Amino acid sequence: MRPMTTARLAIRSFSRAPMSARMGLMLVFTYALVAVLAPVLAPYGETEIVGAEYAPLSSNFPLGTDNIGRDMLTRLIYGARNSVGIALLTSCLSFLLGSIAGLLAVAVGGRFEMILSRVVDVLMAVPALIAALMVLTISGTSVVALVVTIAVIDATRVYRLARSVGANVMVLDFIRAAELRGEGLRWIIIRELLPNIVQPLAAEFGMRFSFVFLFISSLSFLGLGLQPPTADWGSMVRENAILISFGNITPLLPALAIAVLTVAVNFCVDWFVQHSSGLKD
Amino acid sequence: MTDPAPQTEAPLLLDIRDLWIEAVGEDGVKPIVKGISLHLRPGEVLGLIGESGAGKSTLGLAAMGYARPGCRITRGSIRFKGQELLGLTETQLTALRGRCIAYVAQSAAAAFNPAHRLIDQITETAIRSSRISRDQAESRARDLLRRMHFNDPDAIGRRYPHQVSGGQLQRLMTAMAMVADPDIIIFDEPTTALDVTTQIGVLASIREVIRDLGKAAIYITHDLALVAQMADRIKVLRYGSEVEEAPTRVMLSDPREDYTRSLWAVRRFRKTNDGALKAEAPVLEIRQMSAGYGNRTVIQDIDLAVGARETLAIVGESGSGKSTTAQVICGLLAPSNGALEFQGAPLSPDRKGRSRQQLRDIQMVFQMPDTALNPRQRVRDIVGRPVELFLGLRGKQKDDRVGDILSMIGMEPGKFIDRFPHELSGGQKQRIAIARALVCEPKLVICDEVTSSLDQLVAEEILMLLDRTRKALGLSYVFVSHDLETVRAIADRVVVMSNGRIVEQGATDSIFASPENEYTRLLLASVPEMNADWLTRRLSEFTEIDVGPNFPPI
Amino acid sequence: MLTILRLILQRLILGAATLAVISLIVFFGIELLPGDPAAAILGKSATAETLAAFRHEMHLDLPAWQRYAIWASDVLHGDFGRSIATGRSIDTLIGGRLANTFFLAAYAALIAVPLALGLGVLAALHRNSVFDRVVNLITLTAISFPEFFVAYILVYLLAVSVNLFPGITSLSPDLPLWDRLFRSTLPALTLTLVVVAHMMRMTRAAIISLMSSPYIEMARLKGIGKVRIVLRHALPNALAPIINVVALNLAYLVVGVVVVEVVFAYPGLGQLLVDAVSTRDVPLVQVCSLIFAATYILLNLTADILSIMSNPRLLHSR
Numbered sequence: 001m002r003p004m005t006t007a008r009l010a011i012r013s014f015s016r017a018p019m020s021a022r023m024g025l026m027l028v029f030t031y032a033l034v035a036v037l038a039p040v041l042a043p044y045g046e047t048e049i050v051g052a053e054y055a056p057l058s059s060n061f062p063l064g065t066d067n068i069g070r071d072m073l074t075r076l077i078y079g080a081r082n083s084v085g086i087a088l089l090t091s092c093l094s095f096l097l098g099s100i101a102g103l104l105a106v107a108v109g110g111r112f113e114m115i116l117s118r119v120v121d122v123l124m125a126v127p128a129l130i131a132a133l134m135v136l137t138i139s140g141t142s143v144v145a146l147v148v149t150i151a152v153i154d155a156t157r158v159y160r161l162a163r164s165v166g167a168n169v170m171v172l173d174f175i176r177a178a179e180l181r182g183e184g185l186r187w188i189i190i191r192e193l194l195p196n197i198v199q200p201l202a203a204e205f206g207m208r209f210s211f212v213f214l215f216i217s218s219l220s221f222l223g224l225g226l227q228p229p230t231a232d233w234g235s236m237v238r239e240n241a242i243l244i245s246f247g248n249i250t251p252l253l254p255a256l257a258i259a260v261l262t263v264a265v266n267f268c269v270d271w272f273v274q275h276s277s278g279l280k281d
Numbered sequence: 001m002t003d004p005a006p007q008t009e010a011p012l013l014l015d016i017r018d019l020w021i022e023a024v025g026e027d028g029v030k031p032i033v034k035g036i037s038l039h040l041r042p043g044e045v046l047g048l049i050g051e052s053g054a055g056k057s058t059l060g061l062a063a064m065g066y067a068r069p070g071c072r073i074t075r076g077s078i079r080f081k082g083q084e085l086l087g088l089t090e091t092q093l094t095a096l097r098g099r100c101i102a103y104v105a106q107s108a109a110a111a112f113n114p115a116h117r118l119i120d121q122i123t124e125t126a127i128r129s130s131r132i133s134r135d136q137a138e139s140r141a142r143d144l145l146r147r148m149h150f151n152d153p154d155a156i157g158r159r160y161p162h163q164v165s166g167g168q169l170q171r172l173m174t175a176m177a178m179v180a181d182p183d184i185i186i187f188d189e190p191t192t193a194l195d196v197t198t199q200i201g202v203l204a205s206i207r208e209v210i211r212d213l214g215k216a217a218i219y220i221t222h223d224l225a226l227v228a229q230m231a232d233r234i235k236v237l238r239y240g241s242e243v244e245e246a247p248t249r250v251m252l253s254d255p256r257e258d259y260t261r262s263l264w265a266v267r268r269f270r271k272t273n274d275g276a277l278k279a280e281a282p283v284l285e286i287r288q289m290s291a292g293y294g295n296r297t298v299i300q301d302i303d304l305a306v307g308a309r310e311t312l313a314i315v316g317e318s319g320s321g322k323s324t325t326a327q328v329i330c331g332l333l334a335p336s337n338g339a340l341e342f343q344g345a346p347l348s349p350d351r352k353g354r355s356r357q358q359l360r361d362i363q364m365v366f367q368m369p370d371t372a373l374n375p376r377q378r379v380r381d382i383v384g385r386p387v388e389l390f391l392g393l394r395g396k397q398k399d400d401r402v403g404d405i406l407s408m409i410g411m412e413p414g415k416f417i418d419r420f421p422h423e424l425s426g427g428q429k430q431r432i433a434i435a436r437a438l439v440c441e442p443k444l445v446i447c448d449e450v451t452s453s454l455d456q457l458v459a460e461e462i463l464m465l466l467d468r469t470r471k472a473l474g475l476s477y478v479f480v481s482h483d484l485e486t487v488r489a490i491a492d493r494v495v496v497m498s499n500g501r502i503v504e505q506g507a508t509d510s511i512f513a514s515p516e517n518e519y520t521r522l523l524l525a526s527v528p529e530m531n532a533d534w535l536t537r538r539l540s541e542f543t544e545i546d547v548g549p550n551f552p553p554i
Numbered sequence: 001m002l003t004i005l006r007l008i009l010q011r012l013i014l015g016a017a018t019l020a021v022i023s024l025i026v027f028f029g030i031e032l033l034p035g036d037p038a039a040a041i042l043g044k045s046a047t048a049e050t051l052a053a054f055r056h057e058m059h060l061d062l063p064a065w066q067r068y069a070i071w072a073s074d075v076l077h078g079d080f081g082r083s084i085a086t087g088r089s090i091d092t093l094i095g096g097r098l099a100n101t102f103f104l105a106a107y108a109a110l111i112a113v114p115l116a117l118g119l120g121v122l123a124a125l126h127r128n129s130v131f132d133r134v135v136n137l138i139t140l141t142a143i144s145f146p147e148f149f150v151a152y153i154l155v156y157l158l159a160v161s162v163n164l165f166p167g168i169t170s171l172s173p174d175l176p177l178w179d180r181l182f183r184s185t186l187p188a189l190t191l192t193l194v195v196v197a198h199m200m201r202m203t204r205a206a207i208i209s210l211m212s213s214p215y216i217e218m219a220r221l222k223g224i225g226k227v228r229i230v231l232r233h234a235l236p237n238a239l240a241p242i243i244n245v246v247a248l249n250l251a252y253l254v255v256g257v258v259v260v261e262v263v264f265a266y267p268g269l270g271q272l273l274v275d276a277v278s279t280r281d282v283p284l285v286q287v288c289s290l291i292f293a294a295t296y297i298l299l300n301l302t303a304d305i306l307s308i309m310s311n312p313r314l315l316h317s318r
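Residue numbers (our numbering), protein chains in the order written: chain W, 1 to 281; chain Y, 1 to 554; chain V, 1 to 318.
There's no promise every hint is true.
[As the list claims (entries may be wrong)] Where chain V lies over chain W, by a calculated footprint (3+ residues, C-beta under 8 Å):
#1 8-17
#2 66-72
#3 114-128
#4 133-143
#5 185-199
Hint data in this document are derived by calculation from the structure and do not stem from the laboratory.
Treat the numbers as computed from the prediction; the structure is a model and nothing was measured.
Where is the CB? At the ideal position from N, CA and C, for every residue including glycine.
So that you can see chain W by itself, here it is in the shape it has in the complex (with noise of 0.2 Å):
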């Protein structure tokens, strides 16, 4: 019954957190450390050629090196930084797109909730892949172009959910009680509306930050997305796949640490949202 303090809360969920959340949380981190510490991490420089194309494990190179002779550690390194960076980015942009705009229509709603939901409705009746690939075909593919072509798309899913969640909120007595108090539209969206749908916010940020990542990933992997000669794990597959018909598997490595930073980030959210469910009752 006594109030918890967030930081005691957090302690003892974790702790009694399953295998597969406690792995995932760790993980997060780990990627996170790397990723800002990847200068002092990598051996060499992010764009370095520093041997032979294709060179073999070695003492030097303890992963080889790539299609021109790049370190193939270090650009698995800063990829770290690069691909998981620009993916949070565009998470968050996309995110702050879509949850604004879905609280708003919430809370104003009549006609204007229900041009933008028309809106929301055409942009998503386009596949994710073909509205970015159409997009980027003219923008080119400069990272502002990325990052906003891929927030915009993703925002019109943040907004489908902010907008359900929200008016599942909207129709509780509450907001009643302070509309017949003459409260103004920020009131209600910051102090009612927001409060009540951060978690279900924040589930669904784990899981689009996941889709955006794995898209950006697949962008880049078709030679779309990051441009080299920035170190990425979608483009360093591209680059290094040839090796794999020689049996090979380094060029796996980047996709490797995609697919478990993707797997620890939903174990998260897995975790998350049965906890939070369960809590609701």
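Since the structure of chain W is already known, use the hints to place chains Y and V on it.
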């Protein structure tokens, strides 16, 4: 019902001993039935009564060897005709359910499968378990439906669940339970979801059919007056334990335990009349008001006035337009026609057009305290926000004000001011909602079914609180309710609504003593009384009570 | 029945309207983006004359809405115009490839749909069992893998380590069906793995929510056996959610082929689209996008209509 002369010689049909059932929740395992015993003889009806959380439904289901997901029976014995049910395999239990012990659920609308015709669902158990032909089963079902006052059993049987009304579904489910000729039927709040005028017909046909066919039954409800009509014996439960058990008439006239007596006493609260009414100008007047949603008109030509310091009740069944009227007064729903006047000045029909003073003067308390309080705010903020907004007080001054009102509603400020809603009980939440409405000293408070989600004892306290605060603060209440007993207890004047119109209004005493309108009479006659002979008497007096289900033609 | 017909008509009109709007977006979305498409396409070396000639040929000198009208009517008549990069007619470019792509998607769907539905229903019926937990963990992992990762793992395992299937899919029009199936095994398997995980999780969720409905509990209390509850009481009501799950995933499949086609150099529409984007072949991108979007919309529309038609409440309206 019939005089309690239990056939002590007859063998026990059902014998439950020292039953324990646990529920697995987020914070561990919790017992919800704690060592209850009960027994049932052929042809006998046992009433199980208790407030929410008493474990009565869980116990009813356990009689069929069934535990809901998340629950498990841990200890005890359940014997049906001498056979122990605990430890039987799922297949053995399946063979028993429906054929030997049948179940009638609270919400018939949800308990029927939307994909199949009613007749197929009604006959299913009989065909599957009794090994009789479809034709035999259907003719048995037709016979039962006729007994339940369906004039055209074939026509109703061809329908799908969503094509018939709630009252009809409840009767159909009773027929479904009877069709395989079980020994025991468990009724789990079968009329709770129904309006009173519908309820009386369903009650009558349930009672008739179990009596005629000599079935034993367990009748579960939270409503004392109802169980008094149906049961030979009553068992009172609380928090998963037995309080007491006695034959119906003994239980009604001479309950042993304090808890039972307190349940009985609920029915006895009446507000004291303070006389000083009527003379003053009305606080609120509504003239020729019509309103609706989209093209559908819900209320029409409503004229009413609320006097100063009076409690006006608006009473009616579902769909009568009583809640819509409340919403129009608050400005939540724009009327299509008519005018509002508050303290002699015109009141904008839209809340956005009302002055700050008017918003402060007219407050609302909602039906469900669970959704009326923001779960992410503390009591301090929930009650304090109007103080901030309307009185401009902050910090210490605001907290003092909140503390004052909390003391007034009987909640110790130091203990409750920092709590979140989920740290309060249902009744406490409703108190906080009332505190929020009262904290800025309004002139008029609209109460929309404020006691209907609460247990009787708690509801009683809320009624007393409302009456006390009305006197202390000199304000007026508009009390919207479907529950005539509650209305009778709290209101000075009553407005009766039906199908969106006012059919009658007047002083509470005169409406209850000598109703003039036919619908009002029917409504009053349908409210169960705490008297075991009420239903019998009522049915003989009132021929117009709808016992037969006149379902609409396709 | 009237309500149903009205609802279906409504969806059809909505679908057609969406398609029209999408074609507008596909056309103008590309037209209105900053930059001169002619210059972008021809590159910096283009002279003023070639630019002008190019503009004329592409109708770039006409107002945008006229260009859209010309383009839309051409597309409706099956004339998709010319690819800029290769100069060939788009019809011939996409003809066989479209068929290949649908072949691959259908191949994967044939394996994936029954597998996913079966696993999903099983997991739901044995909720919280060891089987359920293991399947949950595996599918959660599988949906976290990028498609190309799954694809290359399969290539490494089944084409490089053990030479069972070809790692590159080469198809010719006169290939017999058996060879076609054999050569497309790895791409189809990749798609299957990715889509089964999604579909299974959604099926499981749908069945669980269905099995917790009061009328299923009522059926148990009526003494109906487990098998009959599933077949007679749950299944008729499960159709609508299952149809939705399948359609959603088929739609996902059709788009998901893009990456898989690139990995296996599969001669389909997806690969063509990716190449077109790299060479900024605007007309080709427009047509390919339109085809993908239309398929996607049509699949969702079909699901919508089918689930309306399987809803008992709507089927037997008052």
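Going down the list of hints, with the structure as the test:
For a cut-off of 8 Å, the count of residues in the segment 8-17 of chain W with a CB near a CB of chain V stands at 0, and the three-residue condition is violated. Using a Cβ-Cβ cut-off of 8 Å, 0 residues of the segment 66-72 of chain W lie near chain V, which falls short of the minimum of three, so the contact claim is violated. Evaluation of the coverage hint for the segment 114-128 of chain W: fulfilled, as 6 residues show C-beta separations to chain V shorter than 8 Å, against a requirement of three. Three residues within the 8 Å Cβ limit are the bar, and the segment 133-143 of chain W against chain V gives 7, so the coverage statement holds.
With 0 residues having a Cβ less than 8 Å from any Cβ of chain V, the segment 185-199 of chain W misses the three-residue criterion, and the hint is violated.
Comparing the model with each numbered hint stated earlier shows that hints 1, 2 and 5 do not hold.
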